[in-house]
Amino acid sequence: MYKAEIRGPLILGNKDYRQITSDIIAPIDNKTPNWWKAAMTVSSIMAVVGILTMAYTVRYGIGTWGVNNSVAWGWEIINFVWWIGIGHAGTAFSIFLLILRQKWRTSINRAAEAMTVFAVGCAAVFPAIHMGRVWLAFFIFPYPNTRGPLWVNFNSPLFWDFIAISAYLLISASFWYFGMVPDFASIRDRAKTKLKKGIYGFLSFGWTGSTKEWMRYEGLSYVLGGIAAVLVVSVHSIVSTDFASSVVPGWHTTLFPPYFVVGAIFSGFAMVMTLMIIIRKYYHLEDYVTDSHLNAIAKILVFISLIMGTAYTTEVFIAWYSGNPYEMFTFFHNRITGDYTFMFWAMIICNAIIPQVMWSKKVRSNITALFIISLIINVGMWYERFNIVITSLSKDYLPSAWTTYSPTWIEVGIFIGTLGIFASGVLTFFRFLPMIAISEVKSVLKPTEIIEKH
Amino acid sequence: MNTTHFIGVFDSKNDLLTGIEGAKSKNFTIDEIYTPYPVIEAIETLGRKSKFTTAAFIYGAVAVVGVLSFLYWTSVISWPIDYGGKPTNAFPSFIIITLVLTILTVTILSLFTFSFRARIYPGKKYFLPDERATDDKFIILFKKNTAGAEFDVISKVLKAYGASEVYEKEF
Numbered sequence: 000m001y002k003a004e005i006r007g008p009l010i011l012g013n014k015d016y017r018q019i020t021s022d023i024i025a026p027i028d029n030k031t032p033n034w035w036k037a038a039m040t041v042s043s044i045m046a047v048v049g050i051l052t053m054a055y056t057v058r059y060g061i062g063t064w065g066v067n068n069s070v071a072w073g074w075e076i077i078n079f080v081w082w083i084g085i086g087h088a089g090t091a092f093s094i095f096l097l098i099l100r101q102k103w104r105t106s107i108n109r110a111a112e113a114m115t116v117f118a119v120g121c122a123a124v125f126p127a128i129h130m131g132r133v134w135l136a137f138f139i140f141p142y143p144n145t146r147g148p149l150w151v152n153f154n155s156p157l158f159w160d161f162i163a164i165s166a167y168l169l170i171s172a173s174f175w176y177f178g179m180v181p182d183f184a185s186i187r188d189r190a191k192t193k194l195k196k197g198i199y200g201f202l203s204f205g206w207t208g209s210t211k212e213w214m215r216y217e218g219l220s221y222v223l224g225g226i227a228a229v230l231v232v233s234v235h236s237i238v239s240t241d242f243a244s245s246v247v248p249g250w251h252t253t254l255f256p257p258y259f260v261v262g263a264i265f266s267g268f269a270m271v272m273t274l275m276i277i278i279r280k281y282y283h284l285e286d287y288v289t290d291s292h293l294n295a296i297a298k299i300l301v302f303i304s305l306i307m308g309t310a311y312t313t314e315v316f317i318a319w320y321s322g323n324p325y326e327m328f329t330f331f332h333n334r335i336t337g338d339y340t341f342m343f344w345a346m347i348i349c350n351a352i353i354p355q356v357m358w359s360k361k362v363r364s365n366i367t368a369l370f371i372i373s374l375i376i377n378v379g380m381w382y383e384r385f386n387i388v389i390t391s392l393s394k395d396y397l398p399s400a401w402t403t404y405s406p407t408w409i410e411v412g413i414f415i416g417t418l419g420i421f422a423s424g425v426l427t428f429f430r431f432l433p434m435i436a437i438s439e440v441k442s443v444l445k446p447t448e449i450i451e452k453h
Numbered sequence: 000m001n002t003t004h005f006i007g008v009f010d011s012k013n014d015l016l017t018g019i020e021g022a023k024s025k026n027f028t029i030d031e032i033y034t035p036y037p038v039i040e041a042i043e044t045l046g047r048k049s050k051f052t053t054a055a056f057i058y059g060a061v062a063v064v065g066v067l068s069f070l071y072w073t074s075v076i077s078w079p080i081d082y083g084g085k086p087t088n089a090f091p092s093f094i095i096i097t098l099v100l101t102i103l104t105v106t107i108l109s110l111f112t113f114s115f116r117a118r119i120y121p122g123k124k125y126f127l128p129d130e131r132a133t134d135d136k137f138i139i140l141f142k143k144n145t146a147g148a149e150f151d152v153i154s155k156v157l158k159a160y161g162a163s164e165v166y167e168k169e170f
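Those protein sequence lines, which keep their order, are chains G and S. Note that numbering that gives the first Met the number 0 numbers the first sequence so that position 248 is 247, with each residue one more than the last. Note that numbering that gives the first Met the number 0 numbers the second sequence so that position 53 is 52, with each residue one more than the last.
Heads up, some of the hints might be wrong.
Unchecked claim - Computed spacing ranges between beta-carbons, pair by pair:
1) Thr63/G x Asn88/S: 42 to 50 Å
2) Ile80/S x Ser69/G: 26 to 34 Å
3) Lys50/S x Arg132/G: 45 to 53 Å
4) Arg47/S x Ile27/G: 27 to 35 Å
5) Gly60/G x Tyr82/S: 27 to 35 Å
6) Asn88/S x Ser399/G: 39 to 47 Å
7) Leu194/G x Ile80/S: 53 to 61 Å
8) Arg47/S x Gly60/G: 22 to 30 Å
9) Ile80/S x Arg132/G: 20 to 28 Å
Unchecked claim - Covered, in the sense of this in silico footprint (three residues per stretch, anywhere, with C-beta under 8 Å from a C-beta of chain G), are these stretches of chain S:
10) 21-35
11) 65-75
12) 81-93
13) 123-130
Rather than coming from a laboratory, the hints here were simulated on the basis of the structure. Bear in mind the structure is a predicted one, so any value in this text is a computation, not a measurement. Think of the CB as a built atom: it goes at the ideal place given N, C-alpha and C, for glycine as much as any other residue.
So that you can see chain G by itself, here it is in the shape it has in the complex (with noise of 0.2 Å):
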């Protein structure tokens, strides 16, 4: 069922494998574009202005942001959670997708992969400067110390949640880089100039392509593969948890952990399809990025976004059936309707409706419209944390300590700073790094020539 003779050919235009090197390489070797350099100016000013509110929340602490004593979770954390999301896809990606032996992951994995690394970089700093203190971050790492043999509680959501964004990060970084080795090798063999045979020399460490090297590689992407998957899982499932193990309505539910997975791959799968357009049109590789990916990533949104419809509607449901007049309130009078009426409804049209005209193949066909649905589907999902973490915490059991929250521009600086750092990142992928894996594209190519020639 998986293999390309049903598919269709996964790479268009005949082409052969040095073709495919120079074509991939070919961002890497020409001049840098000029819409690279806008996009990455207008992204570097992001990522200062990130960088100068970050400075000023650690000079002058977390009162500089709009949190109080009921809303102690304002954007940062909404932030987190978001960005945390995205990175998920790009891991899910890849390796459900290798564990399942689907060849059209070869030519989107790879930025699925870069974008996850970025992507968790920039969740991370959400919770660092949470602390307030985050020079005495290193509090959290369990180790024995002068303050006495008092450890950290290893019974906590949240120091799991640590342990496992490090893992993730570290796992998804060394999957990504170490995809990239035998590439860097293609590129370093065919380098005019000494500087660049140099540096990706260095990068490729040495790598040759021989049985030995190829046969510990699969090795070490299978073992990574099948344990990443795991994590992929547990982390977002950890991550809901640090809401789920509370008693406040509207978190304290065994939804939660599926919910907040799916939701992850949901965004995470969206800004995969935005980052797949944008380096098919702008670096012309149709031949790699087919329609038919495209339609692929179409799919599986489409039908994500039902299982997203469908815990909407079971966590209203359930706040209902329970009778639980605190879930009733949270749901009936403080998302429904209430304060929040526009964020809750938002998330529902953004991440439930809008996704379903890709039923239709029409639009699964129309880039344009597919362009604009995965950014609706990022914004749906930003607002889908904000009702989770705000709406429960400005109106839970005692109305005397209700209180409404807004973000102060510090705390909005600080998020368009991680946007800034993304799109750095980003941009700096697509023009120095190999943008789709060439060996994975290579392995694939037989089949699909075959198939055209018929």
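Could you slot chain S onto chain G? The hints should help.
Chain S alone, transformed into the frame defined by chain G:
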């Protein structure tokens, strides 16, 4: 001291597999095969078998025991804390952190194992018999001393079995 090598160049995976068949049928001893992407058949031809998964399993097993013992030590022996009368050896709440730390351990050790066994590390001095092997060619390498025949014989056979080029090189 440099050794003379015979190098067979093939244009595609299928040609390479045919070439391997040819070399095997004439009892030539292949020293190494270089390919632009993993070719399982080539790995099998050279009788290479990876114990990577076994190693990873052992790392995992050691990590599980290690982490659980560590948690037991910190929570029960070194600094027991009474959380509202809950047992200090709260095994179920150790499971998730054990899983995650096990994954972290397996990842780190697997990366080191790969680097060590495949000899892939930053700054490594490498030697590639034919630079096209990382681009579009499939290379079979024979050592003159161990190949089992002279260059002319090997060249003739490989060409008959699909090689686009066969040459001698000293390195």
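Hint check:
{"no.": "1", "hint": "Thr63/G x Asn88/S: 42 to 50 Å", "verdict": "43 Å, holds"}
{"no.": "2", "hint": "Ile80/S x Ser69/G: 26 to 34 Å", "verdict": "28 Å, holds"}
{"no.": "3", "hint": "Lys50/S x Arg132/G: 45 to 53 Å", "verdict": "47 Å, holds"}
{"no.": "4", "hint": "Arg47/S x Ile27/G: 27 to 35 Å", "verdict": "32 Å, holds"}
{"no.": "5", "hint": "Gly60/G x Tyr82/S: 27 to 35 Å", "verdict": "30 Å, holds"}
{"no.": "6", "hint": "Asn88/S x Ser399/G: 39 to 47 Å", "verdict": "41 Å, holds"}
{"no.": "7", "hint": "Leu194/G x Ile80/S: 53 to 61 Å", "verdict": "57 Å, holds"}
{"no.": "8", "hint": "Arg47/S x Gly60/G: 22 to 30 Å", "verdict": "59 Å, violated"}
{"no.": "9", "hint": "Ile80/S x Arg132/G: 20 to 28 Å", "verdict": "24 Å, holds"}
{"no.": "10", "hint": "21-35", "verdict": "holds (count 5)"}
{"no.": "11", "hint": "65-75", "verdict": "holds (count 3)"}
{"no.": "12", "hint": "81-93", "verdict": "holds (count 4)"}
{"no.": "13", "hint": "123-130", "verdict": "holds (count 6)"}
The structure shown violates just one earlier hint, number 8.
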